[in-house]
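*Asks:* Just need the whole structure built from these sequences, with the hints factored in.
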Amino acid sequence: MSDRPVLLEVTDLSVGYRTEDGAVVTLVDRVGFTLHEREVLCLVGESGSGKSVTMLAVLGLLPDGLEILGGSVVYRGRDLLDLTPREWSALRGAELAMVFQDPMTALNPVKRVGSQIARAVTAHTPGLGRRAVASRVETLLADVGVPEPAERARSYPHEWSGGMRQRAVIAMAMANGPSVLVADEPTTALDVTIQAQIMRVLADARERTEAAMILITHDLGLVAETADRICIMYAGRVVETGSVWDIFEHPTHPYTAGLLASLLSSEHTGDRVYAIPGQPPSPASRGTGCPFASRCELPAKSELCLTTRPALAPSGSSQSSACHFADATADFAAEVTA
Amino acid sequence: MTRYLSRRLVQALATIFAVVTVAFAFGRLSGSPAALLLTENAPKSQIVALNHRLGFDKPLWLQYVDYLGGLLHGDFGQSYRQVGVSSMSLVLERLPASLLLGAVGLTAGILLAMVAGLVIQLTGSRGLRTTALGIGAVRQAIPDFFFGLLLVLIFSVTLGILPSLGNRGITSVIMPALTIATGQFILYMRLIDNSLTEQSSMDYARTAYARGDSRFRVVLGELLPNAFLPVMTVAGISLGGFLGGLVIVENVFAWPGMGQLMLSAVYSRDFPVVQSGLIVVAGLFIVANFAVDLCYALIDPRVRLR
Amino acid sequence: MTAIDQIPDLAPTAAGTAIPRARRMPRIPALQIIGAVMLVAVVLFSFGYPLLPAFDPYTQHLSLALTAPGVDAHHLLGTDSLGRDEASRLALAGRVTLGIVVAIVVVNSLLGMSIGIVSGYLGGKIDNLLMGLADVQLAMPVILVLIALAAAVGPSVWLMIGVLAATYWVGYARVARSVSLGLRERDFVLAPRIQGASGFWTVRRHIVPNVSVQMLILAVSDIGAVILLTSSFDFLGLGVQAPMPSWGLLISEGQKYVRQAPYLSILPGIVIFLVVAGLHLVSQRFTSESTPSRKRSPRTTQKKGARR
Numbered sequence: 000m001s002d003r004p005v006l007l008e009v010t011d012l013s014v015g016y017r018t019e020d021g022a023v024v025t026l027v028d029r030v031g032f033t034l035h036e037r038e039v040l041c042l043v044g045e046s047g048s049g050k051s052v053t054m055l056a057v058l059g060l061l062p063d064g065l066e067i068l069g070g071s072v073v074y075r076g077r078d079l080l081d082l083t084p085r086e087w088s089a090l091r092g093a094e095l096a097m098v099f100q101d102p103m104t105a106l107n108p109v110k111r112v113g114s115q116i117a118r119a120v121t122a123h124t125p126g127l128g129r130r131a132v133a134s135r136v137e138t139l140l141a142d143v144g145v146p147e148p149a150e151r152a153r154s155y156p157h158e159w160s161g162g163m164r165q166r167a168v169i170a171m172a173m174a175n176g177p178s179v180l181v182a183d184e185p186t187t188a189l190d191v192t193i194q195a196q197i198m199r200v201l202a203d204a205r206e207r208t209e210a211a212m213i214l215i216t217h218d219l220g221l222v223a224e225t226a227d228r229i230c231i232m233y234a235g236r237v238v239e240t241g242s243v244w245d246i247f248e249h250p251t252h253p254y255t256a257g258l259l260a261s262l263l264s265s266e267h268t269g270d271r272v273y274a275i276p277g278q279p280p281s282p283a284s285r286g287t288g289c290p291f292a293s294r295c296e297l298p299a300k301s302e303l304c305l306t307t308r309p310a311l312a313p314s315g316s317s318q319s320s321a322c323h324f325a326d327a328t329a330d331f332a333a334e335v336t337a
Numbered sequence: 000m001t002r003y004l005s006r007r008l009v010q011a012l013a014t015i016f017a018v019v020t021v022a023f024a025f026g027r028l029s030g031s032p033a034a035l036l037l038t039e040n041a042p043k044s045q046i047v048a049l050n051h052r053l054g055f056d057k058p059l060w061l062q063y064v065d066y067l068g069g070l071l072h073g074d075f076g077q078s079y080r081q082v083g084v085s086s087m088s089l090v091l092e093r094l095p096a097s098l099l100l101g102a103v104g105l106t107a108g109i110l111l112a113m114v115a116g117l118v119i120q121l122t123g124s125r126g127l128r129t130t131a132l133g134i135g136a137v138r139q140a141i142p143d144f145f146f147g148l149l150l151v152l153i154f155s156v157t158l159g160i161l162p163s164l165g166n167r168g169i170t171s172v173i174m175p176a177l178t179i180a181t182g183q184f185i186l187y188m189r190l191i192d193n194s195l196t197e198q199s200s201m202d203y204a205r206t207a208y209a210r211g212d213s214r215f216r217v218v219l220g221e222l223l224p225n226a227f228l229p230v231m232t233v234a235g236i237s238l239g240g241f242l243g244g245l246v247i248v249e250n251v252f253a254w255p256g257m258g259q260l261m262l263s264a265v266y267s268r269d270f271p272v273v274q275s276g277l278i279v280v281a282g283l284f285i286v287a288n289f290a291v292d293l294c295y296a297l298i299d300p301r302v303r304l305r
Numbered sequence: 000m001t002a003i004d005q006i007p008d009l010a011p012t013a014a015g016t017a018i019p020r021a022r023r024m025p026r027i028p029a030l031q032i033i034g035a036v037m038l039v040a041v042v043l044f045s046f047g048y049p050l051l052p053a054f055d056p057y058t059q060h061l062s063l064a065l066t067a068p069g070v071d072a073h074h075l076l077g078t079d080s081l082g083r084d085e086a087s088r089l090a091l092a093g094r095v096t097l098g099i100v101v102a103i104v105v106v107n108s109l110l111g112m113s114i115g116i117v118s119g120y121l122g123g124k125i126d127n128l129l130m131g132l133a134d135v136q137l138a139m140p141v142i143l144v145l146i147a148l149a150a151a152v153g154p155s156v157w158l159m160i161g162v163l164a165a166t167y168w169v170g171y172a173r174v175a176r177s178v179s180l181g182l183r184e185r186d187f188v189l190a191p192r193i194q195g196a197s198g199f200w201t202v203r204r205h206i207v208p209n210v211s212v213q214m215l216i217l218a219v220s221d222i223g224a225v226i227l228l229t230s231s232f233d234f235l236g237l238g239v240q241a242p243m244p245s246w247g248l249l250i251s252e253g254q255k256y257v258r259q260a261p262y263l264s265i266l267p268g269i270v271i272f273l274v275v276a277g278l279h280l281v282s283q284r285f286t287s288e289s290t291p292s293r294k295r296s297p298r299t300t301q302k303k304g305a306r307r
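Chains as they are written, first to last, in numbering that gives the first Met the number 0: chain A, 0 to 337; chain B, 0 to 305; chain C, 0 to 307.
Honestly, the hints are just simulated from the structure, not real lab data.
Hints may contain errors.
One side of the interface only, derived from the structure: several residues of chain C facing chain B at Cβ under 7 Å [as the list claims (entries may be wrong)]:
#1 Pro49
#2 Leu50
#3 Leu51
#4 Pro140
#5 Ala151
#6 Phe234
#7 Ile250
#8 Arg258
Note that CB positions come from ideal geometry on N, CA and C, so glycine has one too.
*Replies:* This is how it looks when you write it as structure tokens:
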């Protein structure tokens, strides 16, 4: 994978907000990863681990109040953090597109679905005739498997089911053949039966446009099926990254090991043999040490974990791990998955 | 749609009937009006004759039936003071002036509020919001009649650039309309600002940004239609208070509208004119609420008129 | 594909709730102090000035008519068209206006509270009936009711007070109802009931104190609105009748002399502004703190509460 050219490179990206008394609370702490062309990278982590905030920051879509505290986001040689609003508008939707979690709220309720997709087309191809736009919208909808696209385009979002709406959102995202598609838990809000269909639609769409994808998820099952590489996030930091094969085979961070253990046990026996104890620290109470230390059950764990934050360092052929005792994790992983 | 229309029609008739009945009851509270209408030492025979002419010598229920029957024939009763003139025609004569002032004032107020709300939203300026809210709060602490008077003092008395009283051409509408518009401004500005802020945190706004829309385009094209829905609801609900304000403003500026007519009818105890005025106001209410329903259904596809 | 929650969905600490929405205006107590000063100044003047020997609101000095403020040492705020002392008229008008307004607010809050509690606590048909009544009253513009009655029986200050007392309780009833509706299901109200405490006892012991606080808050922020309302009615000649003065009536009298003696309408206008703005500043603190939802859109939130 890594022999392909680099498309997007995020380095030391930090995002946070200022409280009323001026203190800075960091939600995303020096996160970095690389996305190569046509690759699927999965950002995995619990709710609140900062994976969505990271991607919103990358796309310049942070909600009011949140700000980028440092780092760089380089897309095809341009630092996105320096872009003007006008440059952002030209880039978003054309080269970087996003699919959101909840299709029920992602579409404007008072506008026809077709016109919303049409807007994605005209935003980047101004001056296109009405006919041409309409037929483009039809093709886009047909591509994502919406039956009778010409007719459905004229209806409103509330007349569409959740699964259909997510198809429309995907059609909108693919409208201009983006190079990078960010999908933020695109199936979480959907029925289990629909989830597989939507993932299929996403895969097909990527195949057509040769887009690379960053998939945000907490579903490791989905990761195993889709990802080329994985980035595990915990408490606003990347704790482990590597190819999907390596990480599933031999995790080098106790958090990853714990996640895999809970996944495997539930798949084989229906019971959860292993569960990570405790809860992640809140953004305001992340100390100077390893944020996972309080929940870590690694036998090798020491005083060092509480005082010094481990940096991401190579821990295998494709892997990096932010653990002082990455070497000792293999035994632990074997033990908890047994 | 048919079901909606027939339901609306029944509601409208019930409203009119209620207003008519209440107005009738009010009108008979004072007993016979003849004593009020004639000079103090009028002979008894004259009072009896007038009472007979006005039908006040009949039993109450018969008067009521007569009145309702009259209404069905388009007879809303004659003015006590202008003998032989239909009270309704007096009211309808004044209706256009009131509608003009009310429409100009309300539209200006809502437009002003919308512009302010949009500018605040587009610039994201907190200072601007605080300023607008502050000005609005100051305006709210000034009663309409005093605000109107201040306008007269500034623009008519001191600067001498606007006519102070009556309806003398297009410039006359400026000050009364300004009084109404500034009064409505704060109500709608707060509403639109809240509404736009709420909408801007919705997922669909993010979707619009994600497909490459500019802030300007998202706020105007995506957020505004959604943010406008509560504006219409409130406009419908607060119509009563608005009409009340209209009565006051008309009297400050001697604007020849219905409000002024009704108030002078109070002074001259010309009850039929007030009664007809109330019926027209009820009609306005019904029409306005119907219009709000239609606009709502027009903007929001999720709303079906049932 | 397994969407099992192998990663527990823990408390949404980071991205979800921690995003600060610092939209509230900074609380500046200075504004409240200014408001209180404005309020106290007017009240002190209205009730203090009549204690001074200079107080004389009725004696006419036609030779001194329309004396501007500051010209005559005996009439510091000038005189009106009949040569009456403007300061005395203003003070008396203040007592009249404030007296009427406080009476109206007290009657309305008590009435509204009783109706609201009965409605909320008993529920059922009585609730439907009372809230239906409230809806009807809400749709009727008070001024039109007053105009209709004044046309029938003649305008008077008692008519105005009566009409306002009969119609203005709806807002209080709505709030009282939703508060007692909420309390009715709470343990500390429910438990004594189950143990046999009487309904009256429960209402007096638990519901009345809780509702009263809300009523007081509502009343304070309402006084300003009622001052504006009664002043408008006075101005139109539908309320206080001459020769008794009120702020609204003084402005209406002053309007006739707006060219020669603008101070006649400006002074009472300023007084109204001071009271209403002062009340607004003072009451903003607890309206924003105790009932945040009311600030957003009072009608919809109240309606939702009332409909449930």
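*Asks:* State for each hint whether it applies.
*Replies:* Here's how the hints hold up against the structure:
Below 7 Å, beta-carbon pairs count as interface contacts, and C:Pro49 has none with chain B, the closest being about 24 Å; its hint is therefore violated. The criterion of a C-beta within 7 Å of any C-beta in chain B is not met by C:Leu50, whose closest approach is roughly 28 Å, and the hint is violated. The beta carbon of C:Leu51 comes no nearer than 27 Å to any beta carbon in chain B, farther than 7 Å, and the hint placing it at the interface is violated. For C:Pro140, the shortest C-beta to C-beta distance to chain B is roughly 4 Å, which falls under 7 Å, so the interface hint holds.
Below 7 Å, beta-carbon pairs count as interface contacts, and C:Ala151 has one with chain B at about 5 Å; its hint therefore holds. Checking C:Phe234 against chain B by beta carbon gives a least distance of about 5 Å; that is within 7 Å, so the hint holds. For C:Ile250, the interface hint holds, since its Cβ comes within 7 Å of a Cβ in chain B; the closest pair sits about 6 Å apart. With a least beta-carbon distance of about 6 Å to chain B, the hint placing C:Arg258 at the interface is held under the 7 Å criterion.
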